[in-house]
Every structure is written in structure tokens, then in C-alpha cells.
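Please build the complete structure, drawing on both the sequences and the hints.
Protein chains: 2
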Amino acid sequence: MSSTWEEKVHKVTPYTPGEQPKALDVIKLNTNENPYPPAPAVKRAIADFDYELLRKYPDPTASGLIGVLSDTYSVPADQIFVGVGSDDVLAMSFLTFFTSGEGILFPDVTYSFYDVWAGEFRIPYETVPLKEDMSLDIDAFCRGTAGGIVIPNPNAPTGLDAGTGALEKIIKSNPQCVVIIDEAYVDFGAESVLPLIDKYDNLLVTQTFSKSRAMAGSRLGFAFGSKKLIKYLNDVKYSFNSYTIDALTQKVGIASLSDPDYFKMRCLAIINERERSKKRFRELGFDFPDSRSNFIFVHHNKVSGEELFKALRDNNIFVRHFEGERVQDFNRVTIGTPEEMDGLFDFLKKYLENK
Amino acid sequence: MSSTWEEKVHKVTPYTPGEQPKALDVIKLNTNENPYPPAPAVKRAIADFDYELLRKYPDPTASGLIGVLSDTYSVPADQIFVGVGSDDVLAMSFLTFFTSGEGILFPDVTYSFYDVWAGEFRIPYETVPLKEDMSLDIDAFCRGTAGGIVIPNPNAPTGLDAGTGALEKIIKSNPQCVVIIDEAYVDFGAESVLPLIDKYDNLLVTQTFSKSRAMAGSRLGFAFGSKKLIKYLNDVKYSFNSYTIDALTQKVGIASLSDPDYFKMRCLAIINERERSKKRFRELGFDFPDSRSNFIFVHHNKVSGEELFKALRDNNIFVRHFEGERVQDFNRVTIGTPEEMDGLFDFLKKYLENK
Chain A
1 MSSTWEEKVH
11 KVTPYTPGEQ
21 PKALDVIKLN
31 TNENPYPPAP
41 AVKRAIADFD
51 YELLRKYPDP
61 TASGLIGVLS
71 DTYSVPADQI
81 FVGVGSDDVL
91 AMSFLTFFTS
101 GEGILFPDVT
111 YSFYDVWAGE
121 FRIPYETVPL
131 KEDMSLDIDA
141 FCRGTAGGIV
151 IPNPNAPTGL
161 DAGTGALEKI
171 IKSNPQCVVI
181 IDEAYVDFGA
191 ESVLPLIDKY
201 DNLLVTQTFS
211 KSRAMAGSRL
221 GFAFGSKKLI
231 KYLNDVKYSF
241 NSYTIDALTQ
251 KVGIASLSDP
261 DYFKMRCLAI
271 INERERSKKR
281 FRELGFDFPD
291 SRSNFIFVHH
301 NKVSGEELFK
311 ALRDNNIFVR
321 HFEGERVQDF
331 NRVTIGTPEE
341 MDGLFDFLKK
351 YLENK
Chain B
1 MSSTWEEKVH
11 KVTPYTPGEQ
21 PKALDVIKLN
31 TNENPYPPAP
41 AVKRAIADFD
51 YELLRKYPDP
61 TASGLIGVLS
71 DTYSVPADQI
81 FVGVGSDDVL
91 AMSFLTFFTS
101 GEGILFPDVT
111 YSFYDVWAGE
121 FRIPYETVPL
131 KEDMSLDIDA
141 FCRGTAGGIV
151 IPNPNAPTGL
161 DAGTGALEKI
171 IKSNPQCVVI
181 IDEAYVDFGA
191 ESVLPLIDKY
201 DNLLVTQTFS
211 KSRAMAGSRL
221 GFAFGSKKLI
231 KYLNDVKYSF
241 NSYTIDALTQ
251 KVGIASLSDP
261 DYFKMRCLAI
271 INERERSKKR
281 FRELGFDFPD
291 SRSNFIFVHH
301 NKVSGEELFK
311 ALRDNNIFVR
321 HFEGERVQDF
331 NRVTIGTPEE
341 MDGLFDFLKK
351 YLENK
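Residue numbers (our numbering), protein chains in the order written: chain A, 1 to 355; chain B, 1 to 355.
Derived from the structure by calculation, the hints contain no laboratory data.
One or more of the hints may lead you astray.
Stated by the list, open to error - Here are the computed lysine to aspartate or glutamate pairs in the EDC-like style, where the Cα-Cα straight-line distance is at most 20 Å:
1. B:K43 with A:D48
2. B:K22 with A:D201
3. B:K28 with A:D329
4. A:K278 with A:D290
5. A:K56 with B:D78
6. A:K231 with B:E7
7. A:K11 with B:E102
8. B:K231 with A:D290
9. A:K11 with B:D78
10. B:K56 with A:E19
11. A:K56 with B:E306
12. B:K349 with B:E275
13. B:K228 with B:D201
14. B:K231 with A:D59
15. A:K355 with A:E339
16. A:K22 with A:D290
17. B:K11 with A:D201
18. B:K264 with B:D287
19. A:K43 with B:E102
20. B:K28 with A:D314
21. A:K227 with B:E7
22. B:K278 with B:D290
23. A:K131 with A:D329
24. B:K131 with B:D287
Claimed, not checked - The following residues of chain A were derived to be distant from chain B, with all beta-carbon distances above 10 Å:
25. V303
26. G324
27. D346
Quick reminder that beta carbons are idealized off the backbone N, C-alpha and C, glycines included.
This is the structure in C-alpha cells:
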């Protein structure tokens, strides 16, 4: 029996979020935020909100928001789960599906929160190395013995889309566990595995309002799955916190979904800017996996990843640099507005000319 | 090794929140909500909010909100934790401090979420029976061997205040574990143990915006403790979800704290109405523990708890009834506005006359 309270503490190493610079005149391309504002309907929803409603608990089932998600994605309401950002959705999913004691699998180069959740919930895990070209090693995920699998598609920070055919192969090969496909970046040109939830009752598809809907500040994520899967997930969520989505955020989320044209227009603008950026990176001698997300993972033969990261930061341009053997030579650059990207490329051009 | 994904699911029995009736012409006294609106500054904060900020991640440390809490409660910022309602604060605390495998203690009649979190995180626990008069059995908590202790003060659903002297005795007797005092209802006339955090580094005091600040819809809770305790709690929180408090809720919380006079006035109105209600319950033959919260736990010799609950509900008056041997004869009645309480007592008078 432990004799001090401190010995009883569950000690963990937390996730490190990207820097949020306080200065205003920066080019911020480090946290995969959307460079455009949320849908104008969000502004109206906030202006019209009756603050007196806040005295009451919000609808714990967020039924209004789930109803609009149901209409938007043509998925029945009882196959949809919502949470405080997709991090909350994923944390609840790990807690619900991955704590059997059997090891789970995810790629070695991937969203750096997966191993943090594994630590938080004492889940054994094994990482599956990406191939040399940074693409997913599909066959290595098809062993059919894992306790759980989580794969982002497109993967982060590579931006690569594995394709629904390859992902279906993984899901089909692993009926013994839940397979989570984390589609945080899917709206920037990748194909969603959402239609597969009717075919595989062990498939959970997670998405978020943070990137394509420009709502990182609102903390809204969601997931689709079989009725059974969503029921289990909700049981664990209601055992953690009954009322997770506040009343105002429920309204704001509904408003954000009400304008599909705005949504498509902004996604397209980001996709176009990404393709324009690829060309310019290439012209400057960068190489990179062929991203289908709102960021590009770039590498240059003449400058180390860290050196470039620091040079950019010294000039008020923030990108994301990760430690670790396979990724340290790269920087993850979020796609900003054309003006922000011009600022980045103007600097890079001058900087590389002086090398 | 389990062979189906369903065998791997962590199956739990979730907490059942109080009913949220959809009809508008009801007297809702079932979820301990504040009958008055939030501070007027909250209205202005929402109206003035720049929706374009939502495209960016919120400040993960909620430093503005923590700063105002620091000023309001005269506690250094690094001794304050915030979460998505006090349920989130408590869930994170259970996960951080109570998962050593050693059994934890809480009263047998208490907030019904404690055993749910124990189930969620596989924490063994023992309940300590309240005394016959429903007061806390202080000595039974002073054994000095528990893996953790959680006690609400005032207790729910009894409303009884144990007093800081008795609570200090418990904290002092248990240096081997963290002791959580859940002060969700402390602003309605009980004394806070907050000053004791400087004396005992194993004491965590949790509070909420949901009751006394009329902000249940915003999902904001907070906790005070030693620097060390808060650091451990934050590590676990950042390993779960980096960005829990959305940008708008951070502003709304700050606004809510900006008007201490409004806060005191509303708390006093509820305290006065509670004392007036005690008299009227007594006149009608009810007995009850002497509540210091915003609810009264009432019992009547002539009507069973369930019968009264149903009769009230049939007349659009919602109170909370719990199952369980020691509580089934009672109903928990939240203190509403004078008009709402008049409606309740008009009904009760007629109903009991006809018995």
C-alpha cells in the first residue's frame, strides 16, 4: 500500500500543442487552422443567442446538432456521436474500445496524441512503420490480431490519402477489434470511408469542425459508426460527463452546418492554394509527400528542418517542427490565405538564395 | 485473447441526468439550476464576441479566465484548474488521483456520479453510511488508509454542511491520499475549505459556475489545490484533450465573474427563498435535513416519495426523486423564484388537504 498521496498519482507526459504566438503581425501556419472565418450564419447565431438560456443545463444529447449532422451526412441520428473537439471524441473512443489490455496499432509517423492517450489509459501499443515513401503499410495492418487500430486519413503530418480501397482491406481484416479512421482532414480532397459504416459494425469514423469548418475555437468533433458502437461510446461518455457541449456551442455548430455552399467554397480555396503552394515549394527545391490535407510536410536538401523552422520563426512565420528521426528533417506548413503563402514564399526565396 | 470487437468494449452503466422537460409552462425544480439569469455582463460578452476568432484554437491554458478566478478567490493562478463543468473537473481528478488500485471512500448518500466514475475508471470503492440524521460520519472517514476520499459539502441531496472543522479533521487524518471536497453548492451559505489548501497539499476543492453563477448551460467548473496537485491534474487533462474550454465560453466565464454584486444579490435571494420554503414545508408537515444549498430534501409521513413525485409531475412541477432504500421516501426540491415556489406550495397544500 502506497503511503503518500503523491505515490498514488497517475503520472503522464502530456501532449504538446502547437505554439499560439501572442504577437498579431505573424503568419501562423503551425496548427492547421483554417485561414478563413466560420460561416456567416455563425455570427448571426451568436448575435441572436438568448443569454438567459445559460442558466439551464444544455441538452445532454445535443439532439439539435446531431439532427443537422444527420441531415448533412445522411446518417441516422443514433449512429452519430459528438464531443468537445475530435480529441475528446478520440479520447472517449480509446477509453471505450481500446482498454481490453490487448495491444493496439497505429502508424509510427502520425498524430502525436495517439501514444499520449495510450499512456493516459495504460493501453499497450505497437507502431507500424510507414513505408520509405511515407505511405501507409497496408499489409502490416491486416494481421487480424490487434486489440484496436487507429489511422488518420489523410495521415498527419504527411497529408497522404491511403484511399478507401486500402482502408477497407484493413477494416475487413480486423473484425476482432474496433478500427478508427480519423478523418480530421478529409474535406480537403480525400475520400471518406463513411459509406463503409453500414458494412462493418466495428468501424468508427471521426471528423471535426476545427479544420474545414473553421471552428477550432468552438471545440466540436463528431463520429459515425454502427448503432451498437455509438451506444457503447455514449455509455462511456455519459459516465464521464453528461453535459459536454455547452448550449451556445450547440447553436453555433448548427449554424455552421447550415451553409454548405460557403463550406465548399472555402475548402476549394484551400485546396487550390495547396496545389499552387506545391508548385512553388517544388520550384524552390523542396520535396514532400503529395498532401490531400490543409498542410504540406516539406523537406529541403540544403537546410535542416530545425534550421528552417527557426529561421521562419525569427521572421514571424510559424510552422510546425517535430522531433524524431523520421520527421526531424521536415516542417509541416499549414495552408493559409494566398497573401500569407506569398509572405512565406517571399521569405523562402530570399532565404534559400543566400544559402 | 478476445475474438470479437464487442468483447473488448469497456461496458459501463452511465449516470442518469435529471429530466429536461420540453414543455414550457412547467415549474422546473429538478436539476438544481439557478432560477435567475446569469450576470448582465454575460449578455454583453456574447454580443461583443468577434466570431472570426473561432477559426483559431482557443488558449489551451484559459489564462484569462484563470486570471480572473485568481483575482476573485485570491488564489495564485498555478493553483487553479478549469474544466467543462465540475463533472469534467471531478472526472479528471478521479483519473489523476484515484487510479492507484487502492479503494476510495465517499458517503453512501451523495452525488450519484461518484460510483459511476469509479466504474468508468475501474476504481474500487467503499461507501461510508451517513448517520441516522443524514449528517456525515466524520470519524468513519478518519481511518487514514483510503486510496482517496471525495465528499461534497454541502452534501447532495441532503444539503447538509459538515462545517470546516469536521472536514479539516478528515483531511488531516488522510495525508496518504488526495481528499476532494466538492463545493458545487457552497455559495448558498456554507463555509468553504478553500483557505486550507495552503495547509494541506493533498486537498482539492472543486466548484462550479453551474449553480450560484447561473451558468449550467456554459459548462464551466474549477478547482483549487496545491501547486503540485494542480500540476498533476493539468498533466492528465493535457493528455486527454488540450483544448477543453472553447473561446466563447472563456469570455463568458470572465464576464460572469466581473459582477460580484449581482452574484451576491442572487445568492442571497435564493438563500432567503430557501429559508421561507423551509417554514412552509414545515407548516405542511414535511421534515428535511437543514439545507445550506439551493435545494431541500423533503419527506412527508403521509405520502411516499414516489407518489408525491408523480403527483407533482402530473401537474407540471418537476422535482428529483431517487431510488434506493435510504432516499426513496424523499424528494429533492430545487429552490426556484418566489413565484415558482408559490406555485409548488399552492399545489402541495391542496394535494395534502385531500389526503
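**Asked** Which numbered hints does this structure break?
**Response** 2, 3, 5, 8, 11, 14, 15, 16, 18, 19 and 20
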